[in-house]
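Engineer: FYI, the numbering for the sequence shown is 1 to 761, going by full-length UniProt numbering.
Hints listed in this document are in silico derivations from the structure and should not be mistaken for laboratory results. Any given hint could be a false lead.
[Said to hold, decoys possible] Think about it this way: if two alpha-carbon atoms lie no more than 25 Å apart in a straight line, the pair counts; the simulated SDA-like pairs of lysine to any residue are:
#1 K156 - E146
#2 K41 - K156
#3 K361 - F67
#4 K298 - S17
#5 K361 - S267
#6 K184 - R19
#7 K136 - D30
#8 K193 - T109
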Amino acid sequence: MGLAPLEFSECYLDSPSFREKIKAQEAELDKTNRFIKELYKDGKNLINATKQLGMAQRKFAQCLGEFQFEYIGDAKTDDEKCIDESLQEFSMFLKNLEDQRELMMRNITETLMKPLEKFRKEQLGNVRAERKRYEKETEKYYSSLEKLLNLSAKKKEPQLQEADSQVEGIRQHFQEESLEYVCKLQEIQERKKFDCVEPMLAFFQTVFTFYHQGYELAKDFDHYKTELQINIQNTRSRFEGTRSEVHELMKRIKDTPQEYRQTSPISFEGYLYMQEKRPPPFGSSWVKRYCTFIKEQKILHMVTFDHRSGGKIGETESVTLKSCVRKTTDILDRRFCLELDITDRPGTVLTVQALSEDDHKLWMHAMGGKEPIGCHLGRTLSKERGIDAQLDDMGLSFVKNSITAIETRGINDQGLYRVGGVSSKVQKLLSLMIDEKSNEVDLSASEDWDVKTITSALKLYLRSLPEPLMTYGLYKDFISPAKGGSPESRIQAIHHLVHKLPERNRQVLGLLMKHLANVGAHSKQNLMTVANLGVVFGPTLMRPQEETVAAIMDLKFQNIVVEILIEHHKKIFTDSPELSPLSPAGPVLSAPTRQSKKVSRQNRPLAVYNPQVLDIQNAAGDGSVLTADETSMGSNESVSSQSSSASTSELEKADHPTFTTSFSSGSNSRCPQASFSASGATGDSLTAATTAGTDKEKQEQSVTNRKAKAVYPCEAEHETELSFQVGAIFSHVTPSREPGWLEGELEGKRGLIPENYVEML
1 MGLAPLEFSE CYLDSPSFRE KIKAQEAELD KTNRFIKELY KDGKNLINAT KQLGMAQRKF
61 AQCLGEFQFE YIGDAKTDDE KCIDESLQEF SMFLKNLEDQ RELMMRNITE TLMKPLEKFR
121 KEQLGNVRAE RKRYEKETEK YYSSLEKLLN LSAKKKEPQL QEADSQVEGI RQHFQEESLE
181 YVCKLQEIQE RKKFDCVEPM LAFFQTVFTF YHQGYELAKD FDHYKTELQI NIQNTRSRFE
241 GTRSEVHELM KRIKDTPQEY RQTSPISFEG YLYMQEKRPP PFGSSWVKRY CTFIKEQKIL
301 HMVTFDHRSG GKIGETESVT LKSCVRKTTD ILDRRFCLEL DITDRPGTVL TVQALSEDDH
361 KLWMHAMGGK EPIGCHLGRT LSKERGIDAQ LDDMGLSFVK NSITAIETRG INDQGLYRVG
421 GVSSKVQKLL SLMIDEKSNE VDLSASEDWD VKTITSALKL YLRSLPEPLM TYGLYKDFIS
481 PAKGGSPESR IQAIHHLVHK LPERNRQVLG LLMKHLANVG AHSKQNLMTV ANLGVVFGPT
541 LMRPQEETVA AIMDLKFQNI VVEILIEHHK KIFTDSPELS PLSPAGPVLS APTRQSKKVS
601 RQNRPLAVYN PQVLDIQNAA GDGSVLTADE TSMGSNESVS SQSSSASTSE LEKADHPTFT
661 TSFSSGSNSR CPQASFSASG ATGDSLTAAT TAGTDKEKQE QSVTNRKAKA VYPCEAEHET
721 ELSFQVGAIF SHVTPSREPG WLEGELEGKR GLIPENYVEM L
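Please construct the entire structure, taking both the sequences and the accompanying hints into account.
Structural biologist: This is the structure:
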């Protein structure tokens, strides 16, 4: 179980469980800080030790180069020449090796040491400073609150109002500081995944590039490196998308905090001050307790919690409520008080004090007091969109007409579904199309409505439905298979869930997925891969009923579900798909997604990772304007989708390491040549990376529509792969979107081929 998300709404309750969640997040960051400090110290020791090793190696190489075998006679045999020259070759090899070692250590300093230390000082340091401010504001607020609550109710009204105003200002500042601190905590928890791991990835790539003679070791790392480099690129992108969503939610809560206070028809909770009577002459004292009232059973649970005593939680006490009566100030010289009659303590009356007038009314209402509630803080989940969109015959007709028009007029338009239309025109078109009196607009021929207006109107229609197309009730069920399991089990689970949708929902969803598959098939022209379409339609087709930070974190899984629906729509939307039966409890999740094969050391060459193969098309610089709710977040689970969305130009321009590995042409040993380039690398390494990339691009062009011959046997582990023996001839060989794989035909069947199992003919 990972760290629990911190909901912004909890900042206003400030419950004990909320404080415990914050403590857990702070402890995790402290552990990360200690880890980075220790790692930095060990890294310094490693660099110093490596320098000493390099000096010894150079001395050894100099000794080899100065020694020369003497021969008898006036000439040397071929054997003697080879033996004599071998020491010079060894010496030159070691010198070149040490040149690369020095470059490696400079790269380690730039790619590992400095980024980690920068992350520790800047990011973790900022969190520690924010933590101190948060603790200071906590102390200030609760101290001022207690002073306010201890004020005599007999004071003049202006004095009471002034005191209320001061505490209200302090409270607002405390809650805003709490929101900022919670946001910063969760942001840094997400950020450390790539800010800590990516420098380590660069470090290992540098080491394995240096040890290019031990390519078997580099081979084992290559699978991990390839996957991890792609994971880092997607997390950074969900992170950016998730962060923007979180900041939007925080802004909305800041603007209208009362709408986001957690209220429930089942229970009500918050802080109350309990009057505890003491024997004379000590009088009575007031103790702050966090109370939860279960409305149906009328049970009040109370737990003592003091923010200023280290957050120590006391024992929980529960009582059953008989009645609740407002206590006036002429009886008790304190405001916001209630008298609670307890059934399990006959004759016992508890006197409690709420934190404010509004809080007092809410407790009165929850406990069934006689004084009616003065305001309603329940949150309305449905948003006023101004459009009465329904999933009726008119809506179905609009969807069909829109799809026909888009596929007829603009299937190849760049940025299809991502470039938005003019808002006024979009709303006008949608109003016309779903109006029974105006349903005669011919979108396929009309020049009044451009394609981007039609696509935007279709998305607006789907977002404006009273319930998402994939329904609130099945949201968690759809998200679940996207979080784990094999591709087959995911298809099974989603197929099962699709057929639980209402008939009309399933019909519209099937039409839409068939259309989006057609759009994705034209991705070379419109630049809209399946991954990009998943980003656009994930939040449109499915969303949770309650908008929380935890729900925002699931955005990436929504995209994965839509990608699966697009890629496998033929199987999913048929009544009798060729899928194994599902158990009554649902699909069984099996092993993780397929990776490149691993075979024995004797016959397994190093897998090839080439970013150029991933980038089938470069969407950068197309001038498209992206809408705010379509931040790019690719799917980690769909390799074919995610890899097509990566951009080579973005990788080359980013301030992060770029790794390039290629085979040496004309080499019988098939030994890989690897190069590493990063910010701070010398010109030699950059030149090497550029040369490797150029060679690889030429290799890609040479394999297009050509034949290949198998040099290693292979047994398929997935239905999309081909099984073959040594000597098998493949035709129509083209690059695959999956790294390290080609696509080709063998005996009438087309499938995936490991790129390093074949040689081109």
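Engineer: All hints, please: hold or fail.
Structural biologist: Evaluated hints:
With a C-alpha separation of about 19 Å, the suggested pair K156 and E146 falls inside the 25 Å cut-off, and the hint holds. A distance of roughly 64 Å separates the Cα atoms of K41 and K156; the hinted pair therefore is violated under the 25 Å criterion. For the proposed pair K361 and F67, the alpha carbon gap of about 96 Å is over 25 Å, so the pair is violated. About 22 Å separates the Cα atoms of K298 and S17, which keeps this hinted pair within 25 Å; it holds.
Simply put, K361 and S267 have alpha-carbon atoms about 15 Å apart, close enough for the 25 Å limit, and the pair holds. Annotation: proposed proximity of K184 to R19 holds, straight-line Cα distance about 15 Å (limit 25 Å). Using a Cα cut-off of 25 Å, the hinted pair K136 and D30 holds, with the two alpha carbons roughly 19 Å apart. For the hint linking K193 to T109, the alpha-carbon distance of about 20 Å falls within 25 Å, and the restraint holds.
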